Amino acid sequence: MRFTPMTTLTAVATIMTAGTAMADCGIESGRVAILSNDFPALHAMAEGAAECASGTVEVTANQTTEHRDLQVAALTANPAEYTAAIVANSSIVPLLNEGLIRPLDDLIAQYAPDLPMTNRITIDGQVMAVAFMANAQHLFLRSDILEQVGAEQPTTYEEVLEVLAAVREAGIMEHPWAMNTGSGWNLGEEFVNMYMGFGGDLFEPGTAMPAINNETGLATLQMLAALNEYANPDFLTFDSNATQALWESGELAAAYMWGSRGGGILDDENSTPEITGATVLTAAPTVGGGDIPASTLWWDGFTIAANISDEDAAATFQALMHGLRPEVISANNDAAVWLMPGYTPGAPAAGVAATAQAGTRPYPMLPYVGLMHTALGNELAQFLQGEESAEQALADVEAAYTAAAREQGFLQ
Amino acid sequence: MPHRTFIWFILPSLAAMILFIALPIVSVLVQSLHVEHEQVLVTVENCGPFGCTEETRVDREATAELREAQPLGRFNGFGTYLDRGHLATQELAAAWESSESLGAFWGQVMNLPFYRALVFTLAYTFIVTPLVLILGLAIALGVNGLPRMLRGPTIFFSLLPMIVTPLIGSLVLFWMIDADGVIGATLQILFDDPDLSLKASPTLTWITLFIYGVWSSAPFAFIVFYAGLQTVPEETLEAAMIDGASRWERIRYVVIPHLMPLAVFITLMQLMDNFRVFEPIVGFQAQASATSLSYLIYSSLRGDTQQFGSAAATSMLTILGVSILLAPVLIRTWRDFNRKRA
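Same order as they appear, the protein sequences are chains A and V.
The numbers in the numbering used here rise by one with no breaks, and the one at position 135 of the first sequence is 135.
Going from the second sequence to the numbering used here is simple: count from 1 and add 1000.
Just so you know, the hints here were simulated from the structure itself, not pulled from any lab data.
Being a predicted model, the structure only gives us computed values, none of them experimental.
Just so it is clear, CB atoms sit at the ideal spot from N, CA and C, and this is done for glycine as well.
What follows is a set of in silico ranges between Cβ atoms, one per label pair, in the way DEER data are often shown: (1) A/Asp201 / V/Val1042: 17 to 23 Å; (2) V/Ile1021 / A/Gly26: 51 to 57 Å; (3) A/Gly150 / V/Val1164: 46 to 52 Å; (4) A/Asn214 / V/Val1042: 24 to 30 Å; (5) A/Glu159 / V/Val1322: 50 to 56 Å; (6) V/Ser1098 / A/Ala225: 22 to 28 Å; (7) A/Gly150 / V/Thr1043: 48 to 54 Å; (8) V/Ser1098 / A/Asn333: 58 to 64 Å; (9) A/Pro113 / V/Asp1059: 26 to 32 Å; (10) V/Ala1064 / A/Met209: 23 to 29 Å; (11) V/Val1164 / A/Asn333: 37 to 43 Å; (12) V/Gly1103 / A/Thr272: 49 to 55 Å; (13) A/Leu70 / V/Pro1261: 44 to 50 Å; (14) V/Ala1064 / A/Leu70: 21 to 27 Å.
Residues on chain A that point at chain V, a partial pick, calculated with CB under 7 Å: (15) Ile123; (16) Asp124; (17) Ser183; (18) Pro233; (19) Leu339; (20) Met365; (21) Thr374; (22) Ala399; (23) Glu407.
Sequences and hints are given; from them, build the entire structure.
Here's what the structure looks like:
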């Protein structure tokens, strides 16, 4: 879920497979190869799984932000290059479409019968993934600056705008706001979040027909434009790394960022105690009188490849569950909002927890949502630069999506 | 060389070229003429940590049958080439009908992704290429005039922009032109404008990319010209001096004509390279203001759903574009070659 421009700089971590201390994973033999995104919570999981390595069990991991571009090709091979792929709501879809991951019901029954239902990603009656952490974008606030302008914590975007106006008025900051509006995937995500907050649906129910060119879409764009009036003019280049750096250097009074950045923002690196001490993580605001936050819920979970032997699948399942056992979770408590036993929600999780409790909808797990996301990310920048009208921008998104969906066979 | 010997002589490289260049292009061409099968959608119940929802998914078995029957996908002819993501013939016709002035029509054309990318690509190619030639020659003449002792270090430093990997080079510059970076902050002070941002406005982004292009390619032109300068005949230069030619006249009438074949070579290479501009757009995160044809290909292949047909069509159009650009130079070379033979 985090995108950096440094596509070539992705870390490839290979965990040594030396037959060191035999951990008690109960695996006799097999191959465990993990493909995942690259952030601390997943490092912890992979290191935990690597403890299962022995003379007969091989454990490797490729942790890269480019995992989504590798996964389909790597799991299509037979035997698959990776035995496990760590996915999220959106990236599980291409694996499902191609039938590259196996149902986990039997493995769960045999090795983890107590796994709660909420962790089981069930699709048409079959468990296809085990969810182990949650994420969502939500509001980050500076309580000291709110105090200076005499404002309460905003709970709606309309109130956020008032706070931003007050901060600018008081001469504290010229650009007090930031969100991940980098042209491309990030910008598309901001539209989806705001649009969901207005109660919109991206598609006509049950079909791949786009449904964004309407009043709700216009309201969404107007709100995004109004907010970014208060953002640094570079806002169309902002990704998670950029917004986190701005926050940590104390240049923002309010921001809308991923919950998974909470740990990094609140720790004692790259910032001052004054800033981190005054940072408050709170639910994503509602918008336009709606009653659910303008955000989408995401889960990260593991899937197991279809094109591998049953022995390797069993070894992979056990190793991953070993990597997610309560001791690993509690040792890395603040690295993520875990959905596993052993987790005690701390300060970095407050925003995601509040956002989820307020009834935020999950990011849709639809086969064609990726095409819509790409179209949104590519076509909205011109509107936000003030070069075209909101109506034109939405018409462009609809046309770009329709062309892509025709080519992919979702629309005729 | 007898034809027979010649054939044997080039056979290995010919075979490699067919295997690694021609066949892949043919495969991309075939791909571009096909689109994915119709996806059979079914509605199922999905459950997870945030509750259950009714969602559609692809009926894999039904789709697999379709795929079995036609492994390449549905034949679409030139349909992908003409859709909105590429040549957009229908959209162009509609824009022509509806717009009252040429300016309004142009505005609508620039709203189509392919043409927007094409305009930037052409602007980049035709602005960067001549500047690289001129700057490269100027550096070469300058270095050639230095005392021998200083030449080595100067050549090394002049080559640095070319040695740095393009993506790294553009990332370094991207951070330097940030409002908090050394170049960005200096420009804000110089122009006394605290809101000046090279990343925000499309015009400034274009200029930044052009400057980056010249910066990274000029060393290539420089080193080729510098090598050429070592072969300029001394006698001709001395004769020109005796005739009273100034330094400028010697460059204009002796050096430049001598370096002409090298200039043609650099122009060819630069036209090809610049037409495929890609890394700086990623490095500078410039896709909001500037996209190129190569960037469109990259964008089609990224994300959760990879659009191979669309990427293939853009690739073929890029090859066509390069051929058109190079045609005048190649025809000229061919004529020269024939004239020399005759």
